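**Q** Following the hints, position chain V against chain A.
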Amino acid sequence: DAGVTQSPTHLIKTRGQQVTLRCSPISGHKSVSWYQQVLGQGPQFIFQYYEKEERGRGNFPDRFSARQFPNYSSELNVNALLLGDSALYLCASSLRTRAYEQYFGPGTRLTVT
Amino acid sequence: GENVEQHPSTLSVQEGDSAVIKCTYSDSASNYFPWYKQELGKRPQLIIDIRSNVGEKKDQRIAVTLNKTAKHFSLHITETQPEDSAVYFCAASTGAQKLVFGQGTRLTINP
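These protein sequence lines are chains A and V, in that order.
Quick note, the first sequence lines up with residues 1 to 113 if you use the working numbering.
Quick note, the second sequence lines up with residues 114 to 224 if you use the working numbering.
Please keep in mind that the hints were generated in silico from the structure rather than gathered at the bench.
All values reported here derive from a predicted model rather than from experimental measurement.
Please note: incorrect hints may appear among the correct ones.
[As the list claims (entries may be wrong)] No farther apart than 25 Å at their CA atoms in a straight line, the calculated lysine to any residue pairs in the SDA-like style are these:
| # | chain 1 | residue 1 | chain 2 | residue 2 |
| --- | --- | --- | --- | --- |
| 1 | A | K30 | V | R164 |
| 2 | V | K155 | A | S73 |
| 3 | A | K13 | A | L81 |
| 4 | V | K155 | A | P106 |
| 5 | V | K135 | A | Q44 |
| 6 | V | K155 | A | L83 |
| 7 | A | K30 | A | R96 |
| 8 | V | K170 | A | Y103 |
| 9 | V | K171 | V | I222 |
Excised from the complex, chain A in its bound form (with noise of 0.2 Å):
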């Protein structure tokens, strides 16, 4: 059974551009939530979308956007991206809109330059 999934792995850009970092949640799972990590802290909530639509969202710029695909998988867009942005970003899912076990993918790290 495949856990969560993210793509890109890694991924370099320059200040200023854009990104999209995608998401597949477990099979079954309803919800995905995203949360940026930087090195050396806990990660910390951006948004969370169930059933294609956005039920939380956390103490982020509007430059963070995100969406929910029919299939459950989900995109985060960083809109010009600054260098604060470098960061490890995670994907987890659950079977519901509530926060409760949560599982994280591998996530993709970003580095901006």
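**A** Just chain V now, with coordinates in the frame of chain A:
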């Protein structure tokens, strides 16, 4: 908003000894407390969780205790092994959409 404090930031124990990591949370409405283990370069892995209607939960060498009155919860690992070396994160949730994580504890098991 919710805040989770985790201590210690680093912990070194001899193989076979026990390790304890402690977290405190600020929102009394929190009702779900998971623990994640993250090995270097890998995904956070859910190792155990507890809900607010339970005071303690055990799974083999791992246990979590919860004190709702004091708003703190702890992870206990007994008979530690080298493969227990990793960064451990506690988290809390009110049952809404997000998990709020602590800052992490780097656990090193010395052979």
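**Q** If a hint holds in the structure, say so; if it does not, say that too.
**A** Going down the list of hints, with the structure as the test:
1. A/K30 <-> V/R164: holds, 22 Å
2. V/K155 <-> A/S73: Holds, because 21 Å separates the two Cα atoms, which is no more than 25 Å.
3. A/K13 <-> A/L81: holds, 8 Å
4. V/K155 <-> A/P106: The hint holds at about 6 Å.
5. V/K135 <-> A/Q44: holds, 19 Å
6. V/K155 <-> A/L83: holds, 23 Å
7. A/K30 <-> A/R96: The hint holds at about 6 Å.
8. V/K170 <-> A/Y103: The hint holds at about 19 Å.
9. V/K171 <-> V/I222: The hint holds at about 21 Å.
Consistency with the previously given hints is maintained throughout, with no hint failing.
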